[in-house]
Amino acid sequence: MSATAPPAMANEATKRPGRRALSEGKRAERRLGWLLCAPAAIVMVAVTGWPILYSVWLSLQRYDLRFPNQREFVGLANYATVLTNSYWWQAFGVTSLITVLSVVIELVLGMALALVMHWAFVGRGLVRTVTLVPYGIVTVVAAFSWRYAWSQDVGYLARLFSPEGAPLTERASALAIIVLAEVWKTTPFMALLLMAGLALVPSELLRAAAMDGASAWQRFTKVIVPVMRPAILVALLFRTLDAFRIFDNVFVLTAGSQGTSSVSMLTFNNLIRGLNLGIGATMSVLIFLAVAAIAFVFVKVFGTAAPGSEKEGRR
Amino acid sequence: MGRPTRGGRRAAVLLGAALLVAPALAACGAATDDGIVVNLYNPPEENLSKVVETCNQRAGGRYRIALTTLPRGADGQREQMVRRLAAGDTDMDVLNLDITWTPEFAEAGWIREWTGRHKEEAERDVLPGPLASTRWRGRTYAAAKNSNVQLLWYRSDLVEEPPTTWQEVIRTAQELQQRGKPGTVLLTGAQYEGLVVNYSNMVGALDGHILSEDGSRAVLDDGAVRALETLRDLARSGVTSPSLTNQREDDVRLGFQSGNAAFQVNWPFVHPATRAGNPQVFRNMKWAPLPGVEPGKPGKATIGGANYTVSSYSRHPDEAFDAVLCLRDAANQKFQAVKDGLPPTLASVYDEPEMAEAYPMRDVIREQLRNPALRPMTPAYQNVSTVLSTVLSPPSAIDPKATADRLRKELQDAIESKGVLP
Numbered sequence: 001m002s003a004t005a006p007p008a009m010a011n012e013a014t015k016r017p018g019r020r021a022l023s024e025g026k027r028a029e030r031r032l033g034w035l036l037c038a039p040a041a042i043v044m045v046a047v048t049g050w051p052i053l054y055s056v057w058l059s060l061q062r063y064d065l066r067f068p069n070q071r072e073f074v075g076l077a078n079y080a081t082v083l084t085n086s087y088w089w090q091a092f093g094v095t096s097l098i099t100v101l102s103v104v105i106e107l108v109l110g111m112a113l114a115l116v117m118h119w120a121f122v123g124r125g126l127v128r129t130v131t132l133v134p135y136g137i138v139t140v141v142a143a144f145s146w147r148y149a150w151s152q153d154v155g156y157l158a159r160l161f162s163p164e165g166a167p168l169t170e171r172a173s174a175l176a177i178i179v180l181a182e183v184w185k186t187t188p189f190m191a192l193l194l195m196a197g198l199a200l201v202p203s204e205l206l207r208a209a210a211m212d213g214a215s216a217w218q219r220f221t222k223v224i225v226p227v228m229r230p231a232i233l234v235a236l237l238f239r240t241l242d243a244f245r246i247f248d249n250v251f252v253l254t255a256g257s258q259g260t261s262s263v264s265m266l267t268f269n270n271l272i273r274g275l276n277l278g279i280g281a282t283m284s285v286l287i288f289l290a291v292a293a294i295a296f297v298f299v300k301v302f303g304t305a306a307p308g309s310e311k312e313g314r315r
Numbered sequence: 001m002g003r004p005t006r007g008g009r010r011a012a013v014l015l016g017a018a019l020l021v022a023p024a025l026a027a028c029g030a031a032t033d034d035g036i037v038v039n040l041y042n043p044p045e046e047n048l049s050k051v052v053e054t055c056n057q058r059a060g061g062r063y064r065i066a067l068t069t070l071p072r073g074a075d076g077q078r079e080q081m082v083r084r085l086a087a088g089d090t091d092m093d094v095l096n097l098d099i100t101w102t103p104e105f106a107e108a109g110w111i112r113e114w115t116g117r118h119k120e121e122a123e124r125d126v127l128p129g130p131l132a133s134t135r136w137r138g139r140t141y142a143a144a145k146n147s148n149v150q151l152l153w154y155r156s157d158l159v160e161e162p163p164t165t166w167q168e169v170i171r172t173a174q175e176l177q178q179r180g181k182p183g184t185v186l187l188t189g190a191q192y193e194g195l196v197v198n199y200s201n202m203v204g205a206l207d208g209h210i211l212s213e214d215g216s217r218a219v220l221d222d223g224a225v226r227a228l229e230t231l232r233d234l235a236r237s238g239v240t241s242p243s244l245t246n247q248r249e250d251d252v253r254l255g256f257q258s259g260n261a262a263f264q265v266n267w268p269f270v271h272p273a274t275r276a277g278n279p280q281v282f283r284n285m286k287w288a289p290l291p292g293v294e295p296g297k298p299g300k301a302t303i304g305g306a307n308y309t310v311s312s313y314s315r316h317p318d319e320a321f322d323a324v325l326c327l328r329d330a331a332n333q334k335f336q337a338v339k340d341g342l343p344p345t346l347a348s349v350y351d352e353p354e355m356a357e358a359y360p361m362r363d364v365i366r367e368q369l370r371n372p373a374l375r376p377m378t379p380a381y382q383n384v385s386t387v388l389s390t391v392l393s394p395p396s397a398i399d400p401k402a403t404a405d406r407l408r409k410e411l412q413d414a415i416e417s418k419g420v421l422p
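Keeping their order, the protein sequence lines are chains U and S. Residues 1 to 315, numbered by the UniProt record's numbering, are exactly what the first sequence covers, in order. Residues 1 to 422, numbered by the UniProt record's numbering, are exactly what the second sequence covers, in order.
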């Protein structure tokens with residue numbers, strides 16, 4: 001092989017400019033690359049693209065499984081129905097509230113946890129493991145234990161905080177419990193992402209700042225946070241997208257009663273319980289659009305990017 | 001290299017296919033080995049497997065009933081069956097449906113109509129209330145399996161003569177409270193089906209209608225509006241529990257059992273449960289038909305219960321119909337009434353001597369089943385129920401005229417499956 005290659009290469013080189021000869025081989029390589037990727041890419045497009053297109057198609061129809069004969073194309077009528085409905089906007093408000101509250105609290109607690117994990121001197125491994133326990137517990141299981149803890153008469157938390165009432169059956173307290181469950185569950189995830197960002201902060205920078213007389217708080221706000229900015233934004237983006245789609249905690253804790261439905265819960269009620277594929281698909285598409293809008297705002301307005309890639313093409 | 005590789009790939013593909021198909025083949029294998037299998041989907045009932053055994057013996061090898069237990073919660077049961085039926089699953093033969101689902105499944109074409117000999121046998125001796133729940137648009141789609149009906153339970157040491165109207169109930173309870181005795185009236189007021197049932201009881205007592213007979217229009221006639229008023233007055237009278245809007249069946253039972261109430265509206269399961277839970281209260285625990293609204297006009301009770309239906313996608317419908325007729329025949333209904341506490345749908349079963357011990361209140365139950373209140377019959381019952389429980393909660397906030405207007409609009413959307421469900 002090696003004996004015959006150079007003459008062939010030389011031969012080629014005499015016929016065409018060297019660069020093209022090289023790109024010929026490269027092109028073949030790239031084509032092979034594409035061919036090798038194609039099955040995976042096609043499968044991915046099929047499993048992500050097709051369901052999205054299909055739900056858009058469903059959302060343009062009146063289609064209720066219980067009235068199969070009444071199926072028809074209705075254009076944007078389903079969108080008008082959903083967007084003028086008070087239940088939808090109530091759920092939208094509740095979801096936004098849960099999202100903002102839980103993400104803000106998680107950011108503060110997660111940052112504190114990340115700092116503790118980063119600078120823990122004793123038992124660092126133990127601290128990190130213990131912190132991650134809530135994240136390792138299945139959400140539904142955790143939600144059930146919250147539910148029992150807050151149930152009237154049987155729950156220890158309910159007995160402690162409101163011996164007379166049933167906290168899960170009143171709107172404000174139920175929402176607070178949902179946020180609490182959400183925060184408890186995902187703060188470790190936030191802390192983990194932030195800890196990765198903390199590792200990016202060079203220790204010389206901190207030492208230099210300390211030398212210049214910066215207090216601990218100043219070092220945190222003026223050095224650590226700016227350097228960590230990309231990591232913080234990514235963590236916020238992930239959690240905001242997740243929190244906006246909250247379902248399991250609401251489903252287990254209140255099932256959406258007393259006006260605590262999230263948009264996902266409402267979609268479930270219309271799609272799975274109500275069997276109304278048209279309205280349900282419309283809601284799914286709207287949630288999809290809302291999530292896309294959140295991602296867009298984070299990426300374009302705040303300039304979120306993967307940590308380390310901020311130099312390339314970001315404003 | 002080419003051939004062996006291809007051969008290897010083929011082997012891998014075959015192996016993959018085999019792994020995918022194996023469970024299905026195994027299932028088919030079982031079917032062909034043992035003859036025809038009738039798959040029965042039923043919510044958990046402790047002694048149903050014994051009934052299945054009895055029927056398998058009686059089938060004498062013509063078919064074998066295989067019992068699959070559904071989730072305990074009604075929503076979970078319905079979701080599983082609906083999802084599979086919508087996909088045309090042929091592995092479901094006999095389905096145990098809550099009586100409110102019959103129109104939904106029939107309208108969607110998921111269950112078979114009962115005709116001829118099967119229909120005749122399925123309808124014989126069935127009490128009028130349960131019988132009505134097996135029909136949709138004049139056709140029969142189900143065989144009544146078991147029924148259920150609420151009663152007014154009261155403490156005979158506090159109340160001499162059971163009241164016959166809600167006004168009397170309120171007055172009696174207020175008098176008890178004035179004398180410093182437990183005078184609470186307990187009923188299921190949480191935002192769920194239990195609240196709908198209470199409202200339906202009152203609508204029934206006034207011969208009112210929430211929907212038109214054919215289920216196509218939300219009418220809320222005079223009776224339905226006056227029932228709103230009755231429900232509101234009861235909730236505002238001060239005799240209900242402070243946690244009325246949280247209470248479900250078991251909360252109501254526990255409240256009564258603890259001795260702090262004079263009345264409860266609840267299903268017959270409270271009778272054995274209270275006997276085990278608090279013998280002291282049980283000694284004075286008596287029952288009466290549900291109160292009415294107008295003096296001299298008896299109350300009506302909303303019936304619950306379950307029906308057996310045969311899936312449209314079943315590959316063995318004849319065997320399935322046959323299996324149903326065995327599963328809910330008089331002997332098996334009596335067995336399950338005594339063992340599982342499921343009130344029978346067949347009138348004659350109530351006369352059996354074994355029933356006297358298990359159901360001392362059987363005469364009242366049978367009387368209520370003869371002239372019951374029915375929940376609205378519509379394929380969109382799930383929607384109707386969700387809207388009703390949302391709008392009626394909390395009952396003390398009902399404004400009869402305005403609430404009725406809102407219900408007419410939202411229920412109309414719900415039965416046409418047009419609006420958004422809460």
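Since the hints were derived computationally from the structure, they do not count as laboratory data. Quick caveat, the model's predicted, so the values are computed rather than measured. Just so you know, not all the hints are guaranteed correct.
Under 8 Å between C-beta atoms, here's a sample of chain S residues computed to sit facing chain U [as the list claims (entries may be wrong)]: (1) 75; (2) 158; (3) 191; (4) 243; (5) 356; (6) 422.
Cβ-Cβ distance ranges computed for the label pairs, FRET-style [said to hold, decoys possible]: (7) 293(U) with 277(S): 53 to 61 Å; (8) 50(U) with 76(S): 25 to 33 Å; (9) 68(U) with 68(S): 42 to 50 Å; (10) 302(U) with 68(S): 45 to 53 Å; (11) 278(S) with 291(U): 51 to 59 Å; (12) 278(S) with 97(U): 53 to 61 Å; (13) 302(U) with 69(S): 48 to 56 Å; (14) 406(S) with 222(U): 35 to 43 Å; (15) 83(S) with 125(U): 24 to 32 Å; (16) 69(S) with 90(U): 34 to 42 Å.
Cβ coordinates follow ideal geometry from the N, Cα and C atoms, glycine included.
Consistency of the hints with the structure:
no.: 1; hint: 75; result: 7 Å, holds
no.: 2; hint: 158; result: 24 Å, violated
no.: 3; hint: 191; result: 5 Å, holds
no.: 4; hint: 243; result: 7 Å, holds
no.: 5; hint: 356; result: 36 Å, violated
no.: 6; hint: 422; result: 5 Å, holds
no.: 7; hint: 293(U) with 277(S): 53 to 61 Å; result: 55 Å, holds
no.: 8; hint: 50(U) with 76(S): 25 to 33 Å; result: 29 Å, holds
no.: 9; hint: 68(U) with 68(S): 42 to 50 Å; result: 26 Å, violated
no.: 10; hint: 302(U) with 68(S): 45 to 53 Å; result: 52 Å, holds
no.: 11; hint: 278(S) with 291(U): 51 to 59 Å; result: 53 Å, holds
no.: 12; hint: 278(S) with 97(U): 53 to 61 Å; result: 44 Å, violated
no.: 13; hint: 302(U) with 69(S): 48 to 56 Å; result: 52 Å, holds
no.: 14; hint: 406(S) with 222(U): 35 to 43 Å; result: 57 Å, violated
no.: 15; hint: 83(S) with 125(U): 24 to 32 Å; result: 45 Å, violated
no.: 16; hint: 69(S) with 90(U): 34 to 42 Å; result: 37 Å, holds
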